[in-house]
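Novice: In case it helps, UniProt numbering puts the sequence shown at residues 1 to 142.
Keep in mind that the hints were calculated from the coordinates and are not lab data. Every residue, glycine too, gets a C-beta built ideally from N, C-alpha and C. There could be a bad hint or two in this list.
Claimed, not checked - DEER-style ranges, computed between Cβ atoms:
{"#": "1", "residue 1": "Asp32", "residue 2": "Gln133", "range": "16 to 26 Å"}
{"#": "2", "residue 1": "Ala66", "residue 2": "Glu131", "range": "15 to 25 Å"}
{"#": "3", "residue 1": "Glu131", "residue 2": "Asp32", "range": "17 to 27 Å"}
{"#": "4", "residue 1": "Glu131", "residue 2": "Gly16", "range": "42 to 52 Å"}
{"#": "5", "residue 1": "Gly67", "residue 2": "Leu108", "range": "15 to 25 Å"}
{"#": "6", "residue 1": "Gly16", "residue 2": "Asp44", "range": "25 to 35 Å"}
{"#": "7", "residue 1": "Ala72", "residue 2": "Cys138", "range": "14 to 24 Å"}
{"#": "8", "residue 1": "Ala21", "residue 2": "Ala116", "range": "45 to 55 Å"}
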Amino acid sequence: MQPKLAEFQDRIRSAGLRSTAPRVAVLRELEDATSPMSHADLVDALGDEGYDRVTIYRNLTDLTEAGLVVRADLGDHVWRFELKRAGEEHGGNHPHFTCTDCGTVACLPEESVRIASSKGVPRAVSQRAVEVQLRGLCDGCN
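Start from the sequences, fold in the hints, and give me the full structure.
Specialist: Dropping the structure here:
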């Protein structure tokens with residue numbers, strides 16, 4: 001079920017930001033996304049609503065700094081953004097799979113990759129404060 005406008009506005013205000021139409025639009029798009037979206041993806045999705053590249057970028061930055069959105073570089077030097085959803089697949093750190101042929105990015109369930117701590121491994125690994133990125137051919141390219 002798609003959250004209502006008031007729910008988006010409450011999320012934004014609870015994070016200490018002013019609720020504006022561009023911020024609500026960005027959250028709405030990220031809510032509907034099935035995989036991380038780049039700035040360019042969001043410009044394509046929201047351009048018809050009158051939002052320009054700079055407005056979308058500034059709002060992505062604000063939402064990320066406020067902790068509502070997570071930003072990741074999946075190895076291709078393109079920032080991708082996801083809505084932070086605690087307790088769901090897109091909450092916290094979860095692995096991503098990037099196709100080396102077509103560039104498709106997919107979110108993987110957290111349990112699909114097992115991380116084990118051992119001697120000599122940084123504490124961040126045992127605390128799961130790491131990003132896991134897998135690369136290979138997706139089913140469509142394989």
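Novice: Check the structure against each numbered hint from earlier and tell me which ones fail, lowest number first.
Specialist: 4
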